[in-house]
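Chemist: These are the residues of each chain, in order.
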Amino acid sequence: MTTTPRIEADAVRHVEAGPPPMSPRKQPKQSLIKSESVSAGIKAVVGLVALFALWELVVFIFKFPKYLLVGPVSAFEELFTNPGYFALNALTTLQEGLAGFALGTALGVLCGALLYYASFLRPFLYPALIAIDTIPKVALAPLFIVWFGFGFESKAFVAMAIAFFPLVINTFDGLNSVPHELQDLARINRASKLKKMMKIDFIYALPSIFTGAKISISLAVGGAVVGEFIAGSKGLGYVILLANAQVDLPSMFAAFIVLAAIALLLFFIIDLVSKKLLPWKNYTK
Amino acid sequence: MTADYAISVNNVGKTYTSRDGQENVVLKDLDFHVNPGEFVSIVGQSGSGKTTLLNTISGLQDATEGEILIRGREISEALKDIGMVFQSPVLLPWRNNLDNVLLPLEFRDSVTPESKEHAMELLHMVGLGEKATRYSYELSGGMQQRVAICRALVSRPEILLMDEPFGALDAMTRDSMNFEIQRIWRRTGCSVLFVTHSISEAVWLGDRVVVVGDRPGRIIADVKIDIERPRAKEHKFSEDFAHYVAEIESHIGVTAGIS
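For the protein sequence lines, the chains are A and B, in the order given. Each residue of the first sequence is one higher than the last, beginning at 1 in our numbering. Each residue of the second sequence is one higher than the last, beginning at 1001 in our numbering.
Honestly, the hints are just simulated from the structure, not real lab data. Note that this is a predicted model, so its numbers are computed, not measured. There's no promise every hint is true.
Claimed, not checked - Straight-line C-alpha distance at most 30 angstroms; calculated DSBU-like pairs for lysine-lysine:
id: 1; chain 1: A; residue 1: Lys-276; chain 2: B; residue 2: Lys-1116
id: 2; chain 1: A; residue 1: Lys-199; chain 2: B; residue 2: Lys-1116
id: 3; chain 1: A; residue 1: Lys-281; chain 2: B; residue 2: Lys-1233
id: 4; chain 1: A; residue 1: Lys-214; chain 2: A; residue 2: Lys-275
id: 5; chain 1: A; residue 1: Lys-193; chain 2: B; residue 2: Lys-1116
id: 6; chain 1: B; residue 1: Lys-1236; chain 2: A; residue 2: Lys-195
The shape of chain A in the complex, shown without the other chains (with noise of 0.2 angstroms):
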């Protein structure tokens, strides 16, 4: 592409022209993000790794107990020793998780559109959602236990339960920041409701819902331990519980590298989908 610095001149020259928020700032190459990702990447190894060795130098030099902590050395150990025990428990909470967190999500976006686009309703609906959210969800997993019984519903209900709000937020708050020309340009062409929705406000909103659904996947896996520790009989949350009856801290500690590494790992791959899914944010921002 010949034309490509000549844009980029252009872009760099009128960078106080453009007003916010689609204004052309730096345009980092494609290249140039791979490599920034990939160096991320080993620094974000490399902090991993110095937390764990700091943590093993911590139980090394005060010799603490093998039931009150153990290193991580003992933990990796575990994992290795049991993988099967461990990933089948781990699939159980990933089920849970996952469950819970699509249906949060989905509710989550249904609330916060009608939240945005029934503003008749807003006053009602505003004040019942933030006494629903007072409400602390892991004081609700005992009744979801009542509703659904001891099986993977109660926990997945639990992790949906935690996962929704932030989506019913975010969802508002990216339908919220439309620009108000862009409103205009729909109601000058006569645009329908739906095309408005669909066109415009909805891949507005698809950032801002994003951001609302990386905070909600690790909630919604922390959701279904907590359902798992009041009524379950699988799932790492079962793992801790024995463990912790056992004094079995290695088995312990497996248990929570394996459910940092869940959460991590479903953190990136929305992360992921949301890069390849909104480009432009690579760039407006």
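Based on the hints, put chain B in the right spot on chain A.
Modeler: Leaving out everything else, chain B in the frame of chain A:
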């Protein structure tokens, strides 16, 4: 004979009533007309209700008094004759320039191969034909605003409303955009209502300059600009030009209590 006017603003007033019953008169007794194919600039200080005036003409807001006719018809029936350019280009970053230009037609379900061709012609007209498949973040502020102008023109409106379209651009880009808009206007032959802060911009572009005073917004002068077309940069240094700018400045200065 109101049908002969492109836009006819008849004794229009706009009053906002706040919750505690206080009335805020934004526009009062506005009465003016725009002839077909005419370029009318509107100047006034910020807060003088220029944007409100434009919004009532575009039908985005209702006037509380008087009536506005677009080619002799009520606004509600005339929306399709209006194209609008805002202060910021607000292009959709996920659409390329051509698709941004086509957006108004998509809203109306009237995208055809011919309309696509027309959109491409418009982009070529503003010198961005090569960049039809590019995205707004690859363009400078001036280029983005040119795409926004194409978007306003894609439905072949007979009336183009521009609300301080170059206010966010730097001085040099602004000058070149003034040439551009003169050229576009002469080629499309539409009537333009052009709101601006800049008196020299208003004079250079306009067949007439309508001066709006503030609190409440009302017309304090309607100055016919007798400078030949097409206008060149040199006209900005002519005696006539300076005379018009001084006249309009005096109108604005008096109401603001400056002079």
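Chemist: Give me the numbers of the hints this structure contradicts, sorted from smallest to largest.
Modeler: Structure breaks hints 3, 6.
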